[in-house]
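J.: Sequence:
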Amino acid sequence: MASQTERDGDEGGLAALIYDPKARGLLFQVILLLAVIGFFAWVLDNTISNLAAQNKKSGFGFLGETSGFQILTTLGTYLIESRPGEATYFDIFWIGVINTLAVAVIGIVLATILGFVIGICRLSSNIILRGFATVYVEVLRNLPLLLQILFFYIVVLRILPDKRDPGYTAFDGAFGLNIEGLFAPYPSISDGFGTVLLAFLGACVLAWIVAWLARKRQEATGKQFPSFWVGLALVVAITMAVFYAVGQPMVWEFPRFLNAGDELPDGRTVSRIRAGYDITLGGMVIVPEFLALLLALSLYTASFIAEIVRAGILAVPGGQTEASKALGMSNGATLRLVVIPQALRVIIPPLTSQYLNLTKNSSLAVAIAYPDIVSIFAGTALNQVGQEIEMIFMMMMVYLVISLVTSAFMNWFNDRMRLVER
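Yeah, the sequence shown ends on 421 if you go by numbering that gives the first Met the number 0, and it's all consecutive.
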């Protein structure tokens, strides 16, 4: 009798456990987790078996091998210094990462500035500004990005003056633009620059403290303080004072254009074939591939950001503008102090998506041979090494890390800008 009662109790407890929503949900999650682990284990085992059957190498040992090919002169090749033909595949990887980050970061800054300006112009009472902004947005955002990249590279930059022509110059030859790219001054750094950099960072911290104190003062008294200009003056003054105090540890090397018949430092005469800019004598070059990709990405993404900005401004209640004008605020002050701060709460979330899109769209650089991570590491290097899985995995991790860092920063910024209930 007792055993029958115990069995009935066990069955009742099992039934209660089965019909418990929490227990049932936990059971399904465990089953799903085991299924996912089993699937990836099967994929891994199948991959290893296929590699062994094809006698393919695996692992990341290839990163220390010499690549044996040259790369277009870019920011990555300036920072990862290696003689032609001696760069390892790990060097190639980092050059691709730096070049990808360069075009992504600069493109985000340019697209944001231009997008905000165009978005505000879309709401301007000036019919010319409003019309220009409307045409800009409707044309650029409806043309394929790849087509725009090819347009800037082939139609715009390929018709620049020949390499033997100084091209378009500015600031007494400090900058020059021809078919080989944009030639610009190059910073030559010596001992003591680290001290200047520390002074700059310290000045930035001091400027932030001034801004924080000014904000607290305004909250307490309502009085404004020109914290931006004071902070900027502190940063410039402190940095320049330390710069001159340690003996000017950075000088600018300007590009030099060689005409046929000019004499080189070693006494040789420049032939007609060698005439042109020589970056070995000073300066640096920003290649046309970078310029075309940067222009296309910035202008294309700015058209989407402009619409996001316009929508954010329209989301601000009209009574806010009317109240600011009733207080005697100018249109510029109203936009800067009242409208934009409130509009940012609507703008930031979709703006994050545009930043991520710009970064990932930079992979289209392969179409014009700009040496980003896709072009040189998952392209040229992969064709030489043949280890697709490891190299594609590394490339995917690069984009994943960049995207996660961008999202984390924008989420933090969004939290800072949201309304706080009192």
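To be clear, the hints were calculated from the coordinates, so they are not data collected in a lab. Just so we're clear, the structure is a prediction, and the values are computed from it rather than from any experiment. Hints are not guaranteed to be accurate.
[Unchecked claim] Lysine to aspartate or glutamate pairs mimicking EDC-like chemistry, simulated, CA-CA at most 16 Å apart:
#1 LYS56 to GLU387
#2 LYS55 to ASP44
#3 LYS55 to GLU262
#4 LYS162 to ASP277
#5 LYS55 to GLU389
#6 LYS56 to ASP277
[Stated by the list, open to error] What follows is a list of derived Cβ distance ranges for each label pair:
#7 TRP211 to GLY318: 43 to 49 Å
#8 ALA169 to ALA322: 43 to 49 Å
#9 MET416 to ALA51: 49 to 55 Å
#10 MET416 to ASN330: 39 to 45 Å
#11 ALA368 to TRP211: 45 to 51 Å
#12 ARG23 to GLY318: 25 to 31 Å
#13 VAL116 to GLY193: 52 to 58 Å
#14 TRP207 to ARG344: 42 to 48 Å
#15 GLU218 to ALA322: 52 to 58 Å
We treat Cβ as the ideally placed atom computed from N, Cα and C, and that holds for glycine.
J.: Hint by hint, note whether the structure agrees.
T.: Checked hints:
1. LYS56 to GLU387: Cα-Cα ~10 Å, so holds.
2. LYS55 to ASP44: 15 Å, holds
3. LYS55 to GLU262: Not OK: LYS55 and GLU262 at ~54 Å, beyond 16 Å, violated.
4. LYS162 to ASP277: Since the Cα atoms of LYS162 and ASP277 sit roughly 11 Å apart, the hinted pair holds (cutoff 16 Å).
5. LYS55 to GLU389: With a Cα-Cα distance of about 12 Å, the restraint between LYS55 and GLU389 holds, given a limit of 16 Å.
6. LYS56 to ASP277: Answer violated: LYS56 to ASP277 is near 42 Å, above 16 Å.
7. TRP211 to GLY318: 43 to 49 Å: At roughly 31 Å between Cβ atoms, GLY318 and TRP211 fall outside 43 to 49 Å, so the hint is violated.
8. ALA169 to ALA322: 43 to 49 Å: Taking Cβ atoms as reference, ALA169 and ALA322 lie about 46 Å apart, which means the hint holds.
9. MET416 to ALA51: 49 to 55 Å: Cβ of MET416 to Cβ of ALA51: about 54 Å, so the range 49 to 55 Å holds.
10. MET416 to ASN330: 39 to 45 Å: 22 Å, violated
11. ALA368 to TRP211: 45 to 51 Å: Given range 45 to 51 Å: holds, Cβ gap about 47 Å.
12. ARG23 to GLY318: 25 to 31 Å: 51 Å, violated
13. VAL116 to GLY193: 52 to 58 Å: With a Cβ separation near 37 Å, VAL116 and GLY193 fall outside 52 to 58 Å, so the hint is violated.
14. TRP207 to ARG344: 42 to 48 Å: Violated: the Cβ-Cβ distance is about 23 Å, outside 42 to 48 Å.
15. GLU218 to ALA322: 52 to 58 Å: Check failed, 19 Å falls outside 52 to 58 Å.
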